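The listed protein sequences correspond, in order, to chains A and B. Position 160 (the first sequence) corresponds to 160 in the numbering used here; numbering is contiguous. Position 239 (the second sequence) corresponds to 239 in the numbering used here; numbering is contiguous.
Rather than coming from a laboratory, the hints here were simulated on the basis of the structure. It should be emphasised that the depicted structure is a prediction, and the values quoted were computed from it without experimental measurement. C-beta: ideal position from N, C-alpha, C; glycine also.
Going by beta-carbon spacing under 7 Å, a handful of chain A positions derived as facing chain B:
1) Pro46
2) Phe118
3) Val238
So these bits of chain B aren't anywhere near chain A, every CB distance computed over 12 Å:
4) Pro45
5) Glu340
6) Gly388
7) Leu439
Beyond 10 Å from chain A on every Cβ pair, some chain B residues (computed):
8) Arg19
9) Gly54
10) Leu66
11) Lys73
12) His116
13) Lys207
14) His265
15) Phe329
16) Phe360
17) Ile387
18) Asn405
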Amino acid sequence: MNNEADNIEQQKLIGVLGQFDDSHTLMHACEALRDSGVKKMDAYTPYPVHGIEKAIGIPRTILPWIVLAVASGGLCIGLGMQWYTNATEQLLPFWSGYEFRISGKPMFSLPANIPVTFEVIVLSSAFAAFLGMLVLNGLPRLANPLHRIPRFKRVTNDKFFLMVDADDDQFNLDQLKNNFSDWGASDVEDVFLDQTDWKLPAFLKTVAVLLLVLMLVPPALVFRARGMTYTGTRLHVVPDMDWQVKFKTQTEGPLANNDTKTEFFFKDIRAQFAPLPGTVSRSDQSGDVEFFKGIQQGSDLHSSHGTPAVLASNQENEPQEEQPATTDAAVDEPNWVTKIPSQVKVDKDTVLRGQRQYDIYCAVCHGYSGEGNGLANNRAVALSVSGEASWTEAKSLYDPTVIDQPVGRIYDTITNGRSTMGPYATRIKPEDRWAIVLYVKALQKTRKDAVTAEADKPADASDDKN
Amino acid sequence: MAITVDNLTNNTFEDPSRRAPLITGGLDNDGVTEVVADLAESPSPPKIWWVLLGVSAALTAMLGSLILLLIFKGVGVWGNNNPVYWGWPIVNFVFWVGIGHAGTLISAILFLFRQHWRTSINRAAEAMTIFAVICAGMFPGIHIGRVWVFYWLFPIPSEHLAMWPNFRSPLLWDVFAVSTYFTVSLLFWYMGMVPDLATFRDRSTSKIKKFMYGLFSLGWSGSARHWHRYEVAYTILAALATPLVLSVHTIVSFDFAVSIIPGWHTTIFPPYFVAGAIFSGFAMVVTLLVPMRALFNLKHVITVRHIENMNKIIMVTGMMVGLAYTIEFFIAWYSSNPFELFAFQNRAFGPFWWAYLAMFTCNVFIPQLFWFKKIRTSMIMSVIVGIGVNIGMWFERFVIVMTLNRGFLPSSWSYFRPTWVDIGMFVGSFGLFMFLFLLFCRFLPVIAISEVKGTLAFQKHMALAGGYSDEPDH
Chain A
1 MNNEADNIEQ QKLIGVLGQF DDSHTLMHAC EALRDSGVKK MDAYTPYPVH GIEKAIGIPR
61 TILPWIVLAV ASGGLCIGLG MQWYTNATEQ LLPFWSGYEF RISGKPMFSL PANIPVTFEV
121 IVLSSAFAAF LGMLVLNGLP RLANPLHRIP RFKRVTNDKF FLMVDADDDQ FNLDQLKNNF
181 SDWGASDVED VFLDQTDWKL PAFLKTVAVL LLVLMLVPPA LVFRARGMTY TGTRLHVVPD
241 MDWQVKFKTQ TEGPLANNDT KTEFFFKDIR AQFAPLPGTV SRSDQSGDVE FFKGIQQGSD
301 LHSSHGTPAV LASNQENEPQ EEQPATTDAA VDEPNWVTKI PSQVKVDKDT VLRGQRQYDI
361 YCAVCHGYSG EGNGLANNRA VALSVSGEAS WTEAKSLYDP TVIDQPVGRI YDTITNGRST
421 MGPYATRIKP EDRWAIVLYV KALQKTRKDA VTAEADKPAD ASDDKN
Chain B
1 MAITVDNLTN NTFEDPSRRA PLITGGLDND GVTEVVADLA ESPSPPKIWW VLLGVSAALT
61 AMLGSLILLL IFKGVGVWGN NNPVYWGWPI VNFVFWVGIG HAGTLISAIL FLFRQHWRTS
121 INRAAEAMTI FAVICAGMFP GIHIGRVWVF YWLFPIPSEH LAMWPNFRSP LLWDVFAVST
181 YFTVSLLFWY MGMVPDLATF RDRSTSKIKK FMYGLFSLGW SGSARHWHRY EVAYTILAAL
241 ATPLVLSVHT IVSFDFAVSI IPGWHTTIFP PYFVAGAIFS GFAMVVTLLV PMRALFNLKH
301 VITVRHIENM NKIIMVTGMM VGLAYTIEFF IAWYSSNPFE LFAFQNRAFG PFWWAYLAMF
361 TCNVFIPQLF WFKKIRTSMI MSVIVGIGVN IGMWFERFVI VMTLNRGFLP SSWSYFRPTW
421 VDIGMFVGSF GLFMFLFLLF CRFLPVIAIS EVKGTLAFQK HMALAGGYSD EPDH
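Here chain B stands alone, though its shape is the one from the complex:
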């Protein structure tokens, strides 16, 4: 075992003449393997893992029982009513789907841009995507009322329904988009894990572990011929996932944009939603990875520079979202459409002004803290800002849906109130997410070991070529 942890190199310097090292602490290939495998191989995970697992399991159980309540009693247990007939469920759906997009962006888009620093974070980010999409897809799945005929959403011949889905409807585009996104993300995540599962297979001692890791690593042997096809497949999947992630949240935004409601029917929604999704997704990745790297001894692989890079992306996408808010107001005024103007005035100054304030503060003002290097390299501040951004993004979707509360007919205006089931399901979805993520941390490789080793080789190669500043003791 060749790890020296005594010097944590500060790799956040911004000297363009020398590249910052991405793996610190003098880790070599073996060291990387040890650091990552330790989490799954230790006889018992840290105590905090058990505590969090218990809490999240309880919340997941609560979610399950609330879903049963919903199916047996009906959609009336939610606060959805006239005029706000889309309430928390769709807000939660868009919230979770948006969070999921960061993982794919890190995996696919940063890969195509040859950003080597993505290798430390992409596995955990992709796992976050999978679990976030599960939490997201659950909400439209259970909100359909007659959940037992859910198969009518798909183009399956049905004598009972005696018709086919309406392919012109964005709600149906959603079905295809989210299903495709989940499947492709799952494939991408699993394919990336095969070599690392092989690593676990070769190190495991118990019979069950050997069998399970052996089965799921498909007999991977590290053959160069296999690696060649693997890399080509990986690149193809990255090239597919890139337009996919852009199209999925575009299609989700079409749920609103394809309608005719003022405040919804606007072409800014697709790019605005996608930017917002990346914004909230990265915030969630930061919120997850900062505690993870501290608790599970991953500080040399997920370094401060990685977190700082993500914070920079958070700031950029946050400013895009802030720009979108401003443009929306401008267009509302420029359009001379009194209903459009009213929709926006109502959002900012109507009965839900407090939600608008929360959204604006958390999305526009708080990320501006990242202009300061001290704040964006501070782990605690990163988590605080990340949580703030997620809160702000939830409120953004909430504010958008609450446009319904004051529509064309003033006699229909009414204040929306969520029920305890709404709130319980939302909290429970966090429980489900946390539960799955904790299991992932314990049983699966949380960092892309083979990819990090590739980065290590690249880093050494660049150091030899004279472009890098490596660790001082090397």
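Isolated chain A (complex conformation):
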């Protein structure tokens, strides 16, 4: 901009520009030029003039094909994205998909995926049309030499222009100027390309070097930090409910007046309530543990989950009520009761009730005969064999390990479950559980070979079934 006018050597003639006052004159001029064989020309108008493409000889643009190609890509991307993220899992070693398993419905729902696919197609096509148009037009082109011509400012208002490029074969400056006047041009001008300021200012080099140095600072800081430990408070930008204003158990409860530390909301200053009257804790020893848990009074009240330990068989048939704590029992097996508790009447009615409850709750796995051939068990065993499920086979009630179990142990199995057997405490009342135990024992008695060597003490057997 500084030495523009002085530097005539830097001014290169690139074309001649004719100005017209209306579109019809322009069109005639275009057609005349085209007929004379000029190819490198262009018209400039304030609005698209219909018919000018033919007049100049502008070929149809390939933009629609570009948009079509991009739209096809958009279709693949839109659909593929949804398929990958919602219908696959662990397909790639990173960014695994996440299958939505909803009632066994198909993983890939094409109908549901149409809206998003359509939107992705439209979005990608719109960008293709817009950016494609810009790229094909060579826009943005802020340094167009035509913009330096003051008259040319009227092109966006109401004047029409026609420019012939200097490097066209038919270019003849004087002839063209004559022709333009013949065709009704109101003005003709030479168009120059000013190459004066094409060298970059010198200070930009310094700026570039400075910027490069500055760009190295953040990575340097990062590497420095990797070799250090930071002892300050961690920056936690989004609290995200990580610190919750709440009272934890066994801590001081809320203050009554919020500011004095002397008055608490609850009399016993604890945050949680004391146990309410009439409630019983699970590990409460004050109740009837023999009836409710099948454990002898006074013995260790450990929960009896885990592998059933085989107790010494001489324990089971001893007629005493109290057993001294034996040493050969598994460490976490409490002392089971060996007799049905006195609350339960050992008579035919109880056995029949036990049979009814057994048929309802237990036969599905253990079988009606107690052999462990229940339908659910059979199916589960088949699945576990094929690897689709994990299952511990339901025991046959005539299994020697089960025969040896004291009644309290059987009661506990029903109450709390064992391995893959769930607990039935919530579904069967304690009285009914003991009835089932009684029925189990009765079943075991029905098999001759199920009776152990201790059966030569028939008096004890009948004692048990008192």
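The hints should help you fit chain B onto chain A, whose structure is shown.
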């Protein structure tokens, strides 16, 4: 400058043997440029502009502070609760999105139908679309609760979330639809503005204006080769925007229609919503353009005929919406589904009967005034009806959402009340809309100058060919 304003041709005659002129007042190309550029070039805009800007800026500030309140305190500041867990925010969202659809319809669909009268109004209508979609998209954006993890809405890999969005959900289709709609509308609007920004560039005198208009006009020179590709791109975008506008409000209607709630789960919703959107959108365009043409001296470019055409569309779409109301009742009865019937009876006669009455009156009865030519060519009546229609359409969405207030379980029935934050945000959204629109009026070309010049050329061409009745002094 070649403007003669002394004869305002009445171009609303309905003589099919002669076309009505669309640009009146004897304007030529230069005149059109002057009329439109005057708004941005005058040293100071009219006083009313400053007043409205101040009011809308204040309302926008209020909106901003309410949004901060919402983010810090949580969604409980709204009235959303059991059973009406979708309250004003979704009503406002659908309201604003619907308004936005008119702009795209004017730009794209009227373009494909070769309706030349769209050239005077399409720029302002598209601007209205952009700003309406901004106001619309704001509501779902802030209602998600943990706004700082908004990026979970998009399929961006996230260790924190450890899963992907559910593409079967209409709420997620909304995310894609509204984002696409905003982006495509923005592209379409900007592309249309490039030649007009070039006009501003070539007329601007201050250095800042020259730089800004020069930058955003991308060096546009009006080259015929450029115009050719530009026109092809414009047509492609119009062809894309047409199914887009239909699909976006369809997807918004799916928020309701894809559920199983009686009164919502109905296939009439997509066309009903789209018709309603066009209805409310055109009403808003009329409400904006009538004052604009009066205040900013645009009467010769946005003529009475333009307003009348828009009023006719308002009436047609209003009748479509009225038909939909009637059919809904019929289907509720015909279905023999007691819950469906109850849903509609509850809407009309339940606790929100007053909203239903407002909706029916404003949407069905008031637009019928446009049967009378005197009313549909009257500017004041156009604005009144336009405002009435917008009120009616807000109530329509409100009535639809209030179906929740009496659901399957009578023990859950409860009356919905909005909080002051609900109301404040709604009013504030109007402030934001107005603020952006006023800035648009001042700094950007409010009319598609190059397109109007094309219409002018077409008009002259037709006059020469003998099919037009041009201005008497031409």
